[in-house]
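Protein chains in written order, with this note's numbering: chain A, 463 to 735; chain B, 463 to 735; chain C, 463 to 735; chain D, 463 to 735.
Each hint should be verified, as a subset may be incorrect.
It does not matter which identical chain is used: a pair holds within one copy or between any two.
[Claimed, not checked] Think about it this way: if two alpha-carbon atoms lie no more than 27 Å apart in a straight line, the pair counts; the simulated DSS-like pairs of lysine-lysine are:
hint	residue 1	residue 2
1	K708	K543
2	K494	K543
3	K494	K708
4	K543	K505
5	K486	K505
6	K486	K543
7	K708	K495
8	K708	K486
9	K543	K490
10	K543	K495
11	K708	K490
12	K505	K494
Everything labelled a hint here was simulated from the structure, so no lab data went into it.
Note that this is a predicted model, so its numbers are computed, not measured.
4 protein chains.
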Amino acid sequence: MGSFRGHAIPGTFFFVMGLWWSIKSTLKYVCKKQRRTCYLGSKALFHRVEILEGAVLVGMALTGTVGEQFIPGGPQLTLYKEGQWNQLTNWHHSTMYFFFGLVGVTDILCFTISSLPASLPKLMFSNALFVEAFIFYNHTHGREMLDIFVHQLLVLVIFLTGLVTFMEFLLRNNVLLELLRSSLILLQGTWFWQIGFVLYPPSGAPAWDPMDHDNIMFLTICFCWHYALSFIIIGMNYALVTWLVKSRLKRLCPSEAGLLKNVEREQESEEEM
Amino acid sequence: MGSFRGHAIPGTFFFVMGLWWSIKSTLKYVCKKQRRTCYLGSKALFHRVEILEGAVLVGMALTGTVGEQFIPGGPQLTLYKEGQWNQLTNWHHSTMYFFFGLVGVTDILCFTISSLPASLPKLMFSNALFVEAFIFYNHTHGREMLDIFVHQLLVLVIFLTGLVTFMEFLLRNNVLLELLRSSLILLQGTWFWQIGFVLYPPSGAPAWDPMDHDNIMFLTICFCWHYALSFIIIGMNYALVTWLVKSRLKRLCPSEAGLLKNVEREQESEEEM
Amino acid sequence: MGSFRGHAIPGTFFFVMGLWWSIKSTLKYVCKKQRRTCYLGSKALFHRVEILEGAVLVGMALTGTVGEQFIPGGPQLTLYKEGQWNQLTNWHHSTMYFFFGLVGVTDILCFTISSLPASLPKLMFSNALFVEAFIFYNHTHGREMLDIFVHQLLVLVIFLTGLVTFMEFLLRNNVLLELLRSSLILLQGTWFWQIGFVLYPPSGAPAWDPMDHDNIMFLTICFCWHYALSFIIIGMNYALVTWLVKSRLKRLCPSEAGLLKNVEREQESEEEM
Amino acid sequence: MGSFRGHAIPGTFFFVMGLWWSIKSTLKYVCKKQRRTCYLGSKALFHRVEILEGAVLVGMALTGTVGEQFIPGGPQLTLYKEGQWNQLTNWHHSTMYFFFGLVGVTDILCFTISSLPASLPKLMFSNALFVEAFIFYNHTHGREMLDIFVHQLLVLVIFLTGLVTFMEFLLRNNVLLELLRSSLILLQGTWFWQIGFVLYPPSGAPAWDPMDHDNIMFLTICFCWHYALSFIIIGMNYALVTWLVKSRLKRLCPSEAGLLKNVEREQESEEEM
Numbered sequence: 463m464g465s466f467r468g469h470a471i472p473g474t475f476f477f478v479m480g481l482w483w484s485i486k487s488t489l490k491y492v493c494k495k496q497r498r499t500c501y502l503g504s505k506a507l508f509h510r511v512e513i514l515e516g517a518v519l520v521g522m523a524l525t526g527t528v529g530e531q532f533i534p535g536g537p538q539l540t541l542y543k544e545g546q547w548n549q550l551t552n553w554h555h556s557t558m559y560f561f562f563g564l565v566g567v568t569d570i571l572c573f574t575i576s577s578l579p580a581s582l583p584k585l586m587f588s589n590a591l592f593v594e595a596f597i598f599y600n601h602t603h604g605r606e607m608l609d610i611f612v613h614q615l616l617v618l619v620i621f622l623t624g625l626v627t628f629m630e631f632l633l634r635n636n637v638l639l640e641l642l643r644s645s646l647i648l649l650q651g652t653w654f655w656q657i658g659f660v661l662y663p664p665s666g667a668p669a670w671d672p673m674d675h676d677n678i679m680f681l682t683i684c685f686c687w688h689y690a691l692s693f694i695i696i697g698m699n700y701a702l703v704t705w706l707v708k709s710r711l712k713r714l715c716p717s718e719a720g721l722l723k724n725v726e727r728e729q730e731s732e733e734e735m
Numbered sequence: 463m464g465s466f467r468g469h470a471i472p473g474t475f476f477f478v479m480g481l482w483w484s485i486k487s488t489l490k491y492v493c494k495k496q497r498r499t500c501y502l503g504s505k506a507l508f509h510r511v512e513i514l515e516g517a518v519l520v521g522m523a524l525t526g527t528v529g530e531q532f533i534p535g536g537p538q539l540t541l542y543k544e545g546q547w548n549q550l551t552n553w554h555h556s557t558m559y560f561f562f563g564l565v566g567v568t569d570i571l572c573f574t575i576s577s578l579p580a581s582l583p584k585l586m587f588s589n590a591l592f593v594e595a596f597i598f599y600n601h602t603h604g605r606e607m608l609d610i611f612v613h614q615l616l617v618l619v620i621f622l623t624g625l626v627t628f629m630e631f632l633l634r635n636n637v638l639l640e641l642l643r644s645s646l647i648l649l650q651g652t653w654f655w656q657i658g659f660v661l662y663p664p665s666g667a668p669a670w671d672p673m674d675h676d677n678i679m680f681l682t683i684c685f686c687w688h689y690a691l692s693f694i695i696i697g698m699n700y701a702l703v704t705w706l707v708k709s710r711l712k713r714l715c716p717s718e719a720g721l722l723k724n725v726e727r728e729q730e731s732e733e734e735m
Numbered sequence: 463m464g465s466f467r468g469h470a471i472p473g474t475f476f477f478v479m480g481l482w483w484s485i486k487s488t489l490k491y492v493c494k495k496q497r498r499t500c501y502l503g504s505k506a507l508f509h510r511v512e513i514l515e516g517a518v519l520v521g522m523a524l525t526g527t528v529g530e531q532f533i534p535g536g537p538q539l540t541l542y543k544e545g546q547w548n549q550l551t552n553w554h555h556s557t558m559y560f561f562f563g564l565v566g567v568t569d570i571l572c573f574t575i576s577s578l579p580a581s582l583p584k585l586m587f588s589n590a591l592f593v594e595a596f597i598f599y600n601h602t603h604g605r606e607m608l609d610i611f612v613h614q615l616l617v618l619v620i621f622l623t624g625l626v627t628f629m630e631f632l633l634r635n636n637v638l639l640e641l642l643r644s645s646l647i648l649l650q651g652t653w654f655w656q657i658g659f660v661l662y663p664p665s666g667a668p669a670w671d672p673m674d675h676d677n678i679m680f681l682t683i684c685f686c687w688h689y690a691l692s693f694i695i696i697g698m699n700y701a702l703v704t705w706l707v708k709s710r711l712k713r714l715c716p717s718e719a720g721l722l723k724n725v726e727r728e729q730e731s732e733e734e735m
Numbered sequence: 463m464g465s466f467r468g469h470a471i472p473g474t475f476f477f478v479m480g481l482w483w484s485i486k487s488t489l490k491y492v493c494k495k496q497r498r499t500c501y502l503g504s505k506a507l508f509h510r511v512e513i514l515e516g517a518v519l520v521g522m523a524l525t526g527t528v529g530e531q532f533i534p535g536g537p538q539l540t541l542y543k544e545g546q547w548n549q550l551t552n553w554h555h556s557t558m559y560f561f562f563g564l565v566g567v568t569d570i571l572c573f574t575i576s577s578l579p580a581s582l583p584k585l586m587f588s589n590a591l592f593v594e595a596f597i598f599y600n601h602t603h604g605r606e607m608l609d610i611f612v613h614q615l616l617v618l619v620i621f622l623t624g625l626v627t628f629m630e631f632l633l634r635n636n637v638l639l640e641l642l643r644s645s646l647i648l649l650q651g652t653w654f655w656q657i658g659f660v661l662y663p664p665s666g667a668p669a670w671d672p673m674d675h676d677n678i679m680f681l682t683i684c685f686c687w688h689y690a691l692s693f694i695i696i697g698m699n700y701a702l703v704t705w706l707v708k709s710r711l712k713r714l715c716p717s718e719a720g721l722l723k724n725v726e727r728e729q730e731s732e733e734e735m
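Just chain A, same shape as in the assembly (with noise of 0.2 Å):
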C-alpha cells in the first residue's frame, strides 16, 4: 500500500461506488416523484440490483483482503514472526476490506431473506465506515507531519460518511442524506488518489516537504476543492438522471404525463412548503 498505486486502488473504488450510489439514489428518488403518472422503476428491480451492489461489494473486498496478503512481500497470513509482528500496515489494510466484505454480505442476506430488518445493510456500512476510520486514526504513529495531515483529514472524512450513514439508518429515504454520502464517498475517493500524489508522486518527482507548512495551507482548501468537485458531479448527475427518466417517460405515455405533471408540480410545492 506504501506507494502511489496502493493509494489509487482504493482511490478508484471508492470513487466508482459514489458515483454509483448518487446514480441510484437520484434514479430512485426520481421513478418514486414520476411512479404517480408511470410505472417505470420497479420495486423487483431495484432488489436485485441491490443483490448485485452486494456481490460486487464482496467481491472487491476479498480481492483486497486476499490481494494485502499475497502481494509480493505481504504478511501472507502469518502475523507474528521472529519475535515480531509481522507488516502490521497489511493487516489493517486487510482487516478494512474485510468489514466491506461483511456490508456486502448483509446487502445479499437482506434482500434475499424477507424477515431481516430492511436497515441492516445502512447500519453495517456505518460500521464499516467508522472501523475505517478508527484504524486509519491509529496508523500513522510516528509519522511525519504532512503524511499525518493527509490522513488525518482522511479520518475526517470517513468519520462523517460514517455518521451520515448513521442518519439514514435512523431516518430513513432521505434522497439529500444519500446524495450528501455520496458525494462524501467521492470526496474519499478522489482524495485517495491526492494522497498517492502528495506522498508518492507518480512522476517520480521528489514527494512533497514533509514539514513546510504552506503546503498544509495548500492541501487544506485543496480538500474542499475536491468536495467542490464531488458536489459538481453529483449535481451534474442529477440533472443527467432527470432528464433521461422524463425524455423516457414522454416516449412512453405522452400524454397522460404532459397532463399529470402540472397536477404534480403544484401538489410538490404544496408538499414542500
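On the provided structure of chain A, position chains B, C and D as indicated by the hints.
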C-alpha cells in the same frame, strides 16, 4: 484581508444577512399564525424573495472570490510561483466565498425548478459553514496566542451555526432554530468587527498585547456580550415585525380579527401545553 | 467569589432550583396521568407558577449580577482601570448571571404573551448553560491542576445539562429528560459546594494538595457519588409526590378512582410495550 | 482487580449479559413479526423476565461492590487512612458496580410499578455506562502507554454503548439499535479478557512491552477483530433463534402458518421499501 477593512467587510455582510434572515423568519412565522384569520403573506411572494436572496448571495460571493484574487497584491489566479505557494491566505478566502456562492446557486435552482428537494439550500448552507469552519481552523498555523484565540472563537461560532443549519435541514419549519441560526450569524458578523478592532485597531493605536492572559479573559466575556446583543436585536426585531403585521391586519379586516384572535389564542395555548 | 461563600451561594441556588424543577416535572407528569379520572392540576395554575419562576430567576440573576459588581473589592462597573483590565473574574460571574436573567425574562414574556413560541424558554435556558460552560472553560487559565480539574468537571456537568435542555427543546414533554436535567442541576449545585470545600475549606484547614494525583482519583468518584445522590433525591421526590397526589385524589373522588385506576393501568402497560 | 482474574470476571459478566440481551432482542423481534399469525411470546412472560434480569443485575452488582471492598487487601470500607486515600482503585470499581446495581433496581421497580415511565431503565443503563466510561477515563493517570491505550479503547467502547443506549431511550423498539448495543457489550466483555491477557498474561509469560508502537498497531486491529467476532456471534444467534421460533410455530399451527406467511412476507417487503 490582513487589515481592519478586510474583517469589517465580511462582518458587515454577515450582520446584514443575519438581520435579514431574522426578519424573514419572524415574518413567515407571524404570517402563518395570522393566516387563519386573514391572508397576508402569499407563498409566491416568499418564493420570489428566496430567488432574490440567492441572487444577492451569488453576487456577494462573486465579488468576494474575484476581489480576493485581484486586489493589489493579490494572487491574480496564480497558485504556484517561483517554487512556492502564492498567497494561500487569499486563496483560502476565495474558497470560502465560492462555497457561499454555491449556496446562492442552489437557492435559485431550488425555487425555480420545483422537482428539486426543498431542503437542499439548507444542506448546502450548512456545508458552506462547515467548510468555512474547517478552513478557519487550519488558517492560523504559527500565529500568536491572541490571534489564534479570536479565530478559535470564530471557528466555534461558525461550527455551531453549521450544526444548527443542519438541524434545520432535518427538522423543517422550526422558527426557533431559524432565529437561533440568525442570532449566531449576527454574532459571527459582530465578531468579525471585534477581530478587526483587536488585531488591526483602526484608530492607529498599537494592536493588543498578544501574549496577555487578561486579554483572553476579557475576550471570553466580550464574545458572550456580542451574543447577548444579538439576542436583543432579534427580540426587538420580533416585537417590531409582530406589531407591524398586527397593525396592518387590524386596518384590513378589523371586525373578524378581533373576534377570531381570542379563539385562536385559546387554541394556541391548547397546542402548546 | 474566590471564597467558600462564593461557591456555596450559587451551589445552594442551583440545588434549590434543581429540587423545585424535579418536583414540578413529577407533579406535571403525575397530574397528567391522573387527569383521565379526576381534574386536579389546572393549566392556569401551571402558567402562573411559570411566571413566578421567571420572576424568581430574574430576581436571583439581578442580585448576582449587581452583587458581583458592588461587593467590597468588586469592579464597581469599571472594566478598564490604570492600563489594565479590572477584576475580570467578577465580570465573568456577572455575565453568567445576566444570561440566567435573560432566561427569567423570556419565561415571563412567554407565559404572558401567548403568540410567542412555547419552547423559547427551554432554548434560552440551554443557551444560558452553554454560555456558562463556555465561560467556566476559559476561567481557569494559569491555575493549578486540582483547581482546573474540579472546574473541568463543573464544565462537563454544565455542558451536559445544556445538551439535555436542548434535547428537551426539540422533544417536548418528555418527563425523563426533564428529570435528567433536574438531576444534573442538583449535581451542579452539590458540586459547587464540593469545590468550596476542596479549594477553600471552611474549617480553616489548609486547602487540598493541588498536585496530588490521588486527590484527582478521589474527586472522580466523589463526582459520581454526588450524581448517585441526586438520583436518590429525585427518586424519593417522585415517590413522595406520587403518594401525595394519589392520597389527595382518593379523598376527593374515592369511588371512581378505584374503578378507573385498573382500567387505566392496563391501558398504560399497553402503551408502554 | 490488578490481576488476570480481576479482568476476566467482569469480562465474563459483560459477555454473558451481551449474549443474553442479543437473544432477548431477537426473540422479541421475531415473536412480534410472527404474532400476526400465532401468539407465542406473551407480554406477561417478558415482564417476568425483565424483573428476573433486574434481580440478576442487582445480585452481580452487589457481589462486585462488596467483593471489591472485602477481598484480602481491599479497602474494607475505609476511605481515608493514615493521612492518605486508601486504595482508590478498588473504590473506583465499587462505584461502577453500584451504578449497575441502580440499573437493576430501576428495572425491578419499573416492571412492578406500572405508573413509572417504561423507558426509565434504558436511561439508567446509559447513565451507568457513561459513569463507567468517565471513571475509566480518569483511571489510568500516570500509567504506561500500552496500559493507557487498552483502557482508552475500553472507554471508547463503553462511551459508544452509552450513546447507543441513550438513542434507544429516545427511539424505542428499534431492534437494530438493541442488537448494536448487545454487540458493543459483547465487545466490552471480550476486550476485558484481552486486557487481562495483555497486562497480566496468565501463562506466566512476561507482560507485553508497554512502549512498543507495534503492540499498539496490533491492538488496534485486534479490537476490530473482537468487534467482527461479536457481529458473527449475533448473526448466528439471530439465525438460531429465528429457526427455533419458526420450527416451533410450524409444529403448533402448521396449516395457517404456511398460508399466512406468504401474505405477511409481501406486506413486510411493502413496508420495508
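Going through the hints against the structure:
1. K708 <-> K543: neither (61 Å within a copy, 48 Å between copies)
2. K494 <-> K543: neither (56 Å within a copy, 51 Å between copies)
3. K494 <-> K708: within (12 Å within a copy, 35 Å between copies)
4. K543 <-> K505: The answer is neither: 52 Å in one copy and 56 Å across copies each exceed 27 Å.
5. K486 <-> K505: For K486 and K505, only the intra-copy Cα distance (13 Å) is at most 27 Å; the inter-copy one is 33 Å.
6. K486 <-> K543: neither (46 Å within a copy, 43 Å between copies)
7. K708 <-> K495: For K708 and K495, the Cα distance is within 27 Å only inside one copy (11 Å; across copies 38 Å).
8. K708 <-> K486: within (16 Å within a copy, 35 Å between copies)
9. K543 <-> K490: Result: close neither inside a copy nor across copies, 51 Å intra and 47 Å inter.
10. K543 <-> K495: Neither. Shortest intra-copy (59 Å) and inter-copy (51 Å) distances fail the 27 Å Cα cut-off.
11. K708 <-> K490: Close inside one copy (13 Å), not across copies (34 Å); limit 27 Å.
12. K505 <-> K494: Intra 10 Å, inter 25 Å, cutoff 27 Å: intra and inter.
The structure fails hints 1, 2, 4, 6, 9 and 10 (numbered hints given earlier, in ascending order).
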